[in-house]
Amino acid sequence: MDFIRAASLDDALAIKAQRPDITPIAGGTDLMVGINFDHTRPSGLLDLTSVPELAEWSESSGVIRLGAGVPYARIISELGEHLPGLAMAARTVASPQIRNRGTVGGNLATASPSGDAHPALLACGAEVELASVRGTRRMPVAEFFTSVKRNAAEPDELVTAVHLARATGPQQFAKVGTRNAMVISVCAFSVALHPERAEVGTGFGSAAPTPRRAADAEEFLSGELTSRGMWDDPRPLPDTVITRFGELVAAAAAPIDDVRGTASYRRHALGVLARRTAGWTWDEYLTGRQTCA
Amino acid sequence: MRLNLTVNGKLYETDEVWEGESLLHTLRERLGLPGSKNACEQGECGSCTVYLDDVPVCSCMVAAGQAEGCSVRTVEGLADGERLDTVQQSFLDAGAVQCGFCTPGLLVQAHDLIERNPEPTDAEIRESLAGNLCRCTGYEKIMDAVRLAAQRKAVS
Ligand SMILES: Cc1cc2nc3c(=O)[nH]c(=O)nc-3n(C[C@H](O)[C@H](O)[C@H](O)COP(=O)(O)OP(=O)(O)OC[C@H]3O[C@@H](n4cnc5c(N)ncnc54)[C@H](O)[C@@H]3O)c2cc1C
Numbered sequence: 001m002d003f004i005r006a007a008s009l010d011d012a013l014a015i016k017a018q019r020p021d022i023t024p025i026a027g028g029t030d031l032m033v034g035i036n037f038d039h040t041r042p043s044g045l046l047d048l049t050s051v052p053e054l055a056e057w058s059e060s061s062g063v064i065r066l067g068a069g070v071p072y073a074r075i076i077s078e079l080g081e082h083l084p085g086l087a088m089a090a091r092t093v094a095s096p097q098i099r100n101r102g103t104v105g106g107n108l109a110t111a112s113p114s115g116d117a118h119p120a121l122l123a124c125g126a127e128v129e130l131a132s133v134r135g136t137r138r139m140p141v142a143e144f145f146t147s148v149k150r151n152a153a154e155p156d157e158l159v160t161a162v163h164l165a166r167a168t169g170p171q172q173f174a175k176v177g178t179r180n181a182m183v184i185s186v187c188a189f190s191v192a193l194h195p196e197r198a199e200v201g202t203g204f205g206s207a208a209p210t211p212r213r214a215a216d217a218e219e220f221l222s223g224e225l226t227s228r229g230m231w232d233d234p235r236p237l238p239d240t241v242i243t244r245f246g247e248l249v250a251a252a253a254a255p256i257d258d259v260r261g262t263a264s265y266r267r268h269a270l271g272v273l274a275r276r277t278a279g280w281t282w283d284e285y286l287t288g289r290q291t292c293a
Numbered sequence: 001m002r003l004n005l006t007v008n009g010k011l012y013e014t015d016e017v018w019e020g021e022s023l024l025h026t027l028r029e030r031l032g033l034p035g036s037k038n039a040c041e042q043g044e045c046g047s048c049t050v051y052l053d054d055v056p057v058c059s060c061m062v063a064a065g066q067a068e069g070c071s072v073r074t075v076e077g078l079a080d081g082e083r084l085d086t087v088q089q090s091f092l093d094a095g096a097v098q099c100g101f102c103t104p105g106l107l108v109q110a111h112d113l114i115e116r117n118p119e120p121t122d123a124e125i126r127e128s129l130a131g132n133l134c135r136c137t138g139y140e141k142i143m144d145a146v147r148l149a150a151q152r153k154a155v156s
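Going down the list, the protein sequences come from chains A and B.
When you line the first sequence up against the UniProt record's numbering, it's residues 1 to 293, in that order.
When you line the second sequence up against the UniProt record's numbering, it's residues 1 to 156, in that order.
Bound-form chain A, shown alone (with noise of 0.2 Å):
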């Protein structure tokens, strides 16, 4: 095994181009654990935290680049405004120490069906930036990740970024887990409202072979909106509506049984984090509609 620091993402490419075979390593706090229990023995490992370029995020014309090394701990306190859902899924990772160290790249490369970043970039529509010397090119998050744990790039590509818009309206993120903290998620979800193109993002995750968005859920709701008018001029969400609308992404789960809860809980429990952000996220419309009038 050797270890290679990259001084900048073109070191990093080159390195990358030329021993597609080398582990890039960011926070370690997926890999770190492999290593340390000899579950995995990489032939080499990059370094991505000395790469300046990955550790910074900009914005421009409203759309955040979130370079993929920036840890979970700076999206809370730097993009808490910006990106409401990413920074409330980021708060809900692991603990404080691990925060400091984990990062979006990190975990989309993982692909775990239980990344908690995923639902929310799923619910934003965030594309992922991945480079290689090659090139960039950009991919809706939903094309990324391709089966369990498996994800769209290719041997010679790092994940450079993501891009997402910054909230023109209220978002939310909710899991199940047994504690506040350190928890792989039994089922998470995240919703997202974009008033400005009447429509609603979703994204769950611990509920299929991939994370995923509940597309029926996301049209039904969002029609609704529109046909009773609501965007504009917004009054309280029928029960029925929000009823019908855990329903519809309880129905867009896959889930399994495994160690931490039954393919059946899991779809009941989607269907009540569904209802519960959608009401949270209306109510959050409804209030700012009012202070603004």
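No wet-lab data here; the hints were simulated from the structure.
C-beta: ideal position from N, C-alpha, C; glycine also.
Treat each hint with caution, since some may be false.
Quick list of simulated restraints, FRET-style, between CB atoms [to be verified]:
#1 Gly34(A) to Glu82(B): 38 to 46 Å
#2 Pro209(A) to Arg116(B): 37 to 45 Å
#3 Glu219(A) to Arg135(B): 45 to 53 Å
#4 Asp21(A) to Gly95(B): 49 to 57 Å
Among chain B residues calculated to face chain A with C-beta under 10 Å, some are [stated by the list, open to error]:
#5 Glu21
#6 Leu52
#7 Val55
#8 Met61
#9 Gly105
#10 Glu127
These stretches of chain B come out as covered by chain A in the derived footprint (C-beta under 8 Å, 3 or more residues) [as the list claims (entries may be wrong)]:
#11 39-48
#12 94-101
#13 128-142
Mind docking chain B with the ligand on chain A? Use the hints.
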């Protein structure tokens, strides 16, 4: 590989560091600093918490090579010579130490909390220490110790 890092203000140059080893292993087994404890090796227990360039991290989750050129502060670096840091003294006075295995990590994490947030609420203390497991105390004495340390730092 060779590794250069500063620990508790002292520069160390170490050879033959294994490329896959954790910073925790380097500190304990190569630099003779066994204060940081090796308990879970998977980031769950917080006993190996150290400052890495002023940010508390689980040193078992950091590859040693990632600390090249960095500054590390371990529990051994909290006291000023023989004089314990306020957080350490408060843990003793509040009876927050039983077997002591979790204590080094708790001390570093609590030290950081009070640095950043001199008047933490109970909820903030609990959230800050959520990644530090203690199997002896039931946490109540630890809560007392952190409250006491914050009070003492405020008046000092
Ligand atoms: C105690 C503990 C609790 C945890 N709790 C949670 C939790 O609640 N929720 C959650 O979602 N996760 C949790 N995790 C998992 C982990 O913290 C996250 O998945 C984190 O986002 C990983 O990021 P990292 O930077 O540490 O990744 P690393 O461990 O550095 O890397 C992970 C993988 O991604 C690859 N990689 C990293 N960066 C890049 C890049 N830029 N381009 C290409 N490949 C890359 C690495 O090669 C590796 O395969 C927990 C982990 C621990 C140890």
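These are the hints, each one checked on the structure:
1. Gly34(A) to Glu82(B): 38 to 46 Å: Since Gly34(A) and Glu82(B) have Cβ atoms about 42 Å apart, the given range 38 to 46 Å holds.
2. Pro209(A) to Arg116(B): 37 to 45 Å: Holds, since Pro209(A) and Arg116(B) (Cβ atoms, about 40 Å apart) stay within the stated range.
3. Glu219(A) to Arg135(B): 45 to 53 Å: holds (49 Å)
4. Asp21(A) to Gly95(B): 49 to 57 Å: Because 53 Å falls inside the window, the suggested range holds.
5. Glu21: Holds, because the Cβ-Cβ distance from Glu21(B) to chain A comes to roughly 8 Å (cut-off 10 Å).
6. Leu52: Where the cut-off is 10 Å and the nearest Cβ of chain A is about 8 Å from Leu52(B), the hint holds.
7. Val55: holds (5 Å)
8. Met61: holds (5 Å)
9. Gly105: holds (8 Å)
10. Glu127: holds (7 Å)
11. 39-48: With 5 residues close enough to chain A, the hint holds.
12. 94-101: Violated: only 0 residues of the region 94-101 of chain B have a Cβ under 8 Å from chain A.
13. 128-142: Three-residue rule met by the region 128-142 of chain B, so holds; n is 4.
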